[in-house]
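Student: So the protein sequences, as listed, match chains A, B and C.
Residue numbers for the first sequence follow the numbering used here, so the first one is 1 and each next one is one higher.
Residue numbers for the second sequence follow the numbering used here, so the first one is 1001 and each next one is one higher.
Residue numbers for the third sequence follow the numbering used here, so the first one is 2001 and each next one is one higher.
Incorrect hints may have been included.
Examples of chain A residues lying across from chain B (beta carbon under 10 Å, computed) [stated by the list, open to error]:
1) Asn-37
2) Ala-39
3) Thr-44
4) Glu-48
5) Asp-66
6) Gln-169
7) Ile-171
8) Ser-172
9) Gly-175
10) Ser-178
11) Phe-179
In the EDC-like style, the derived pairs of lysine to aspartate or glutamate whose C-alpha atoms are separated by at most 16 Å in a straight line are [unchecked claim]:
12) Lys-1234(B) / Glu-1262(B)
13) Lys-2023(C) / Asp-1410(B)
14) Lys-1246(B) / Glu-48(A)
15) Lys-1380(B) / Asp-1143(B)
16) Lys-1246(B) / Glu-142(A)
17) Lys-1246(B) / Asp-67(A)
18) Lys-1246(B) / Asp-66(A)
Here are the computed distance ranges between Cβ atoms for each label pair [claimed, not checked]:
19) Glu-185(A) / Lys-1380(B): 20 to 28 Å
20) Ala-158(A) / Leu-1286(B): 45 to 53 Å
21) Asn-1409(B) / Asn-2170(C): 25 to 33 Å
22) Ala-1304(B) / Ala-158(A): 46 to 54 Å
23) Leu-1286(B) / Glu-2152(C): 49 to 57 Å
24) Asn-2147(C) / Ser-1308(B): 25 to 33 Å
25) Ala-158(A) / Val-1351(B): 49 to 57 Å
26) Trp-2020(C) / Ala-1304(B): 23 to 31 Å
No wet-lab data here; the hints were simulated from the structure.
Every residue, glycine too, gets a C-beta built ideally from N, C-alpha and C.
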Amino acid sequence: MKYIIYILLSFNLTTFIISAEETRQVDKHEHGVGELNIAVEGSTIEFEFMIPGADIVGFEYVAKSDDDIAKINQALKTFDDYTNIFTLPSNSLCELDSQKVALKEEDEHDDHDEHEDHDEHDDQDEHAEENHNEFYAKYSFECGNINAIKEVNFPYFATFTNSGELEVQFISNMGSTSFEVEGDEPSINTDGKI
Amino acid sequence: MLLKLTFNSLYARLLTVAMTVFAISLSLMLYMSVEKLRTSAYTSFTDTISQTDLIVGARTSSVQLLLYSVFRIGNATNNITWESYEDVINKKEVAWSVPISLGDSHKGFRVMGTNSEFFKRYKFRGGQSIELEQGNNLDDLYDVIIGAGVAEKLNYSVGTPLIVSHGLQSFSDHDDQPFKISGILAKTGTPVDNTVIVSLEAIEAIHVDWSTGAKIPGQITPVEEIRQMDLSPKNITAALIGVNSKLQIFQLQRWINEYPEESLSSILPGVALQELWRIVGVVENLLLGISVTVIFTTLIGMTAIIFSSLNERRREMAIWRAMGASPKVVIGLLMLEALIISVMSIIVSTVMLFLTLYVLQPWIDNTYGILVNIETLAVKDIYIFMLFILSASLVSLIPAIRAYWFSINDGMTIKI
Amino acid sequence: MEKSNLNEKTIQIDSVKFHWSNKSKFKLHIPELSVDKGEKVLLLGESGSGKTTLLSLICGFLTPLSGKIQLNEKLINDLSATKRDQYRSDNIGIIFQQFNLLPYANVIDNILLPLYFSKLRSANVSNQRETAISICQSLRLPEDVVNMKASELSVGQQQRVAVARALIGNPPLVIADEPTSSLDTDAQTIFLDLMFSQVASSNSTLLMVSHDKSLSSKFDRVIDMKNISVKEQ
Ligand SMILES: Nc1ncnc2c1ncn2[C@@H]1O[C@H](COP(=O)(O)OP(=O)(O)OP(=O)(O)O)[C@@H](O)[C@H]1O
Ligand SMILES: [Mg+2]
Ligand SMILES: [Zn+2]
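Next comes chain A alone, as it looks inside the complex (with noise of 0.2 Å):
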């Protein structure tokens, strides 16, 4: 039994040792997982998403030919309405109150961090060119009864075919809780967390 524990903290010890880099980090940017950042106050629920450009468009470089432009301004629209990405349910009486929709290109990588990070995806040779794109979106609403908000659903796994997974932070008065979501269960259920 002793061993057990001592096997069980050991091992964690030395996992997250390993998996330090894999740190949350809002600057992180990892090909394949989507953020997402859901907060509670009162009435009004926010979602705060940050993908990868290739889980979108399929591509990160800065957009130079028409065709890649045409593509990025149509993924854009998509974001516009917000139910091509998330739902909410209806008895929640959820209305939208403001959202922002962009586009963050960064080709320049002066920034330390920023370094470590790329040194991370040279290694795996991911890409060729040294910029990343994110597209950004920001929803807020206003609720009627947001303890409705049993579980929110993810049209955004079948909206974007090349979206991988969605790391989701979330927070309320409850306390803050994760989730990771993938197309196969396009869903997190909140229940009991608002």
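Based on the hints, put chains B and C with the ligands in the right spot on chain A.
Tutor: Chains B and C with the ligands alone, transformed into the frame defined by chain A:
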């Protein structure tokens, strides 16, 4: 009658049967203890911190930051400077903050430097506050408040003097600056019970004659002089932060993580905990897998034992048949045997589990801060028992069916 | 049980054929065999001649490929397996050559075992424990033996307990497969005398197998396998 005879038969093979029961019990117990630890750890961990929105520390993995700042497991790789801390808490999103400074210890218990905000803001088990059971707050520079566990295990009371040791397993003590216990906290069931709390200034004070982790040779500043010095903290290990609105958390988190002056991390405790469970989950599943395998191995062992006894019991089967027992009774007898063995194993394993947990509980609590709940069996355990009995019966069908064929084919010819 | 009637047949076999389903070349063909009620019959035959096989057929452990086996005028070979088991426990007391008893059970439990499976036989016994003890007494088993484990008895004692078990509840037929072969001559004589007296007192028919021709005089009739069975290629 059949039951009695089956018991007689098992009793006649007491040693083999006892060993089988023991082996199965051990494997069942292994499984149940993993389960117990898993659920106990989960509740202990989730109950430990509540109402803290963000934890800020030096850049590290979120799980590591959570573990060292809240659970006092492992060590901080780096501290953060007081200036950075002030920059963070001056942000308009921040409602309150608790600075924490870790690194030293007392007889194996962690020493934590903090300020009075800690007692006001630190909440556990769904919003409960920590309370002084005896004594007073940290009034003097050399006052300490100890957790209930520390007081109990070291048999300390208010007024007892206390020497802080440098580092976690160090041979050098800060014996030139003795502390005095000013208060003892009520039991919380969290790592706070095993913590020795001093002021941030006290942490500075005991390190006046230290530089980069080593004592400056020959330098001993007298206590009176230290009391006159500016002891405002220069760095801390981590900070607990509450925000004004949950809607601002992610913005603040991003700001902290992108803070240019210093590499900082900020985590949502619930998110980090969830991440921890994912990591632990791998090990747990591994252990569960191992224990399930062990259970099945012992089941096969049991079958093998019934099997090997089958040849010598072929005659017994013929006797049963001669008495008019149908082949079904013969199958039933062997299955009954397996059933008895598995039920006995379940009973023995449960008793062993509770005895072991009872004995080990204080040790687990002390060492890992996990309070194992030993009151009841989980519903899940009952399911597992039923599943086990079911599979034991199924597995025992194999020798039983063989016995059936023996008894059908032998007729009165009896082979020994 | 009705009064013994010489014309009543306890066993009646007509042109029974049997062979083992596996590679064994052994074939058994018995054109005719009958045993009257109350008769004490000795079945002789050399080793391998099929004596035990015949007993298995009579007891309903095995079913013949063709022919008829009747016990007390009841055709048993086309009964279902369960009914045959039940018929056996109701009507036949069986004694093996040796190792008759469940070694881990005590003598009383061993003796009472058939009653557990046969309502018919247990109906004939009003007080089970007392009956078992009294049979033991008439078989001259020491008094303290009844509570001992079967494995603790001598071979002769075990065989006598087997007789007690075969006879409890007065089954109409007792079948014994070489019950004396593990006993020395003196013990054999004592055993047979005791068994006969018990069989007589319960009005049972006895069919006993042996190699030993010298036992012939004690029986009403002696049958030799080579006289009743037809050799087949
Ligand atoms: N269970 C069995 N499966 C296959 N063949 C068997 C089985 N039992 C007996 N035999 C075969 O049937 C034949 C007759 O055997 P059986 O036991 O009836 O002889 P027996 O007259 O009782 O001999 P013994 O005097 O040695 O007991 C033998 O050839 C034997 O090999
Ligand atoms: Mg034989
Ligand atoms: Zn120190």
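Student: Confirm or reject each hint.
Tutor: Okay, the hints, checked on the actual structure:
1. With a cut of 10 Å, the hint placing Asn-37(A) at the interface with chain B holds, because the nearest CB-to-CB distance is about 4 Å.
2. The criterion of a C-beta within 10 Å of any C-beta in chain B is met by Ala-39(A), whose closest approach is roughly 5 Å, and the hint holds.
3. A least Cβ separation of about 6 Å between Thr-44(A) and chain B falls short of the 10 Å threshold, and the interface hint therefore holds.
4. For Glu-48(A), the shortest C-beta to C-beta distance to chain B is roughly 6 Å, which falls under 10 Å, so the interface hint holds.
5. At its closest, the beta carbon of Asp-66(A) sits 34 Å from a beta carbon of chain B; the interface hint therefore is violated under the 10 Å criterion.
6. Hint status for Gln-169(A): holds, given a least beta-carbon distance of 5 Å to chain B, under 10 Å.
7. At its closest, the beta carbon of Ile-171(A) sits 5 Å from a beta carbon of chain B; the interface hint therefore holds under the 10 Å criterion.
8. For Ser-172(A), the shortest C-beta to C-beta distance to chain B is roughly 6 Å, which falls under 10 Å, so the interface hint holds.
9. The beta carbon of Gly-175(A) comes within 5 Å of a beta carbon in chain B, closer than 10 Å, and the hint placing it at the interface holds.
10. Against a cut-off of 10 Å between C-beta atoms, the interface hint on Ser-178(A) holds, since the closest Cβ of chain B lies about 4 Å away.
11. Residue-level restraint check for Phe-179(A) holds (minimum Cβ-Cβ distance to chain B is 8 Å; threshold 10 Å).
12. Straight-line distance between C-alpha atoms of Lys-1234(B) and Glu-1262(B) comes to about 14 Å, which keeps the hinted pair within the 16 Å bound.
13. Between Lys-2023(C) and Asp-1410(B) the CA atoms are separated by roughly 15 Å; this keeps the pair inside 16 Å, and the hint holds.
14. A C-alpha spacing of about 13 Å is found between Lys-1246(B) and Glu-48(A), which places the hinted pair at or below 16 Å, so the restraint holds.
15. With a CA separation close to 48 Å, the supplied pair Lys-1380(B) and Asp-1143(B) exceeds the 16 Å bound.
16. Only pairs whose Cα atoms come within 16 Å are accepted, and Lys-1246(B) paired with Glu-142(A) is accepted, the gap being roughly 14 Å.
17. Our distance criterion of 16 Å between C-alpha atoms is broken by Lys-1246(B) and Asp-67(A), whose separation comes to about 40 Å.
18. Straight-line distance between C-alpha atoms of Lys-1246(B) and Asp-66(A) comes to about 41 Å, which puts the hinted pair past the 16 Å bound.
19. For Glu-185(A) and Lys-1380(B), the hinted distance range of 20 to 28 Å is satisfied, since their beta carbons lie about 23 Å from each other.
20. Range check, Ala-158(A) to Leu-1286(B): about 34 Å between beta-carbon atoms, so the 45 to 53 Å window is missed.
21. As the Cβ distance of Asn-1409(B) to Asn-2170(C) is approximately 31 Å, the hint placing it in 25 to 33 Å holds.
22. Hint check: Ala-1304(B) to Ala-158(A), Cβ distance near 53 Å, so the stated range 46 to 54 Å holds.
23. Between Leu-1286(B) and Glu-2152(C) the CB atoms are about 52 Å apart, so this pair conforms to the stated range of 49 to 57 Å.
24. At roughly 31 Å, the beta carbons of Asn-2147(C) and Ser-1308(B) sit within the given window of 25 to 33 Å.
25. The hinted range of 49 to 57 Å is satisfied by Ala-158(A) and Val-1351(B), whose Cβ atoms lie roughly 54 Å apart.
26. About 30 Å separates the C-beta atoms of Trp-2020(C) and Ala-1304(B), a value consistent with the hinted range of 23 to 31 Å.
In this structure, the earlier hints numbered 5, 15, 17, 18 and 20 are contradicted, and the remaining ones agree with it.
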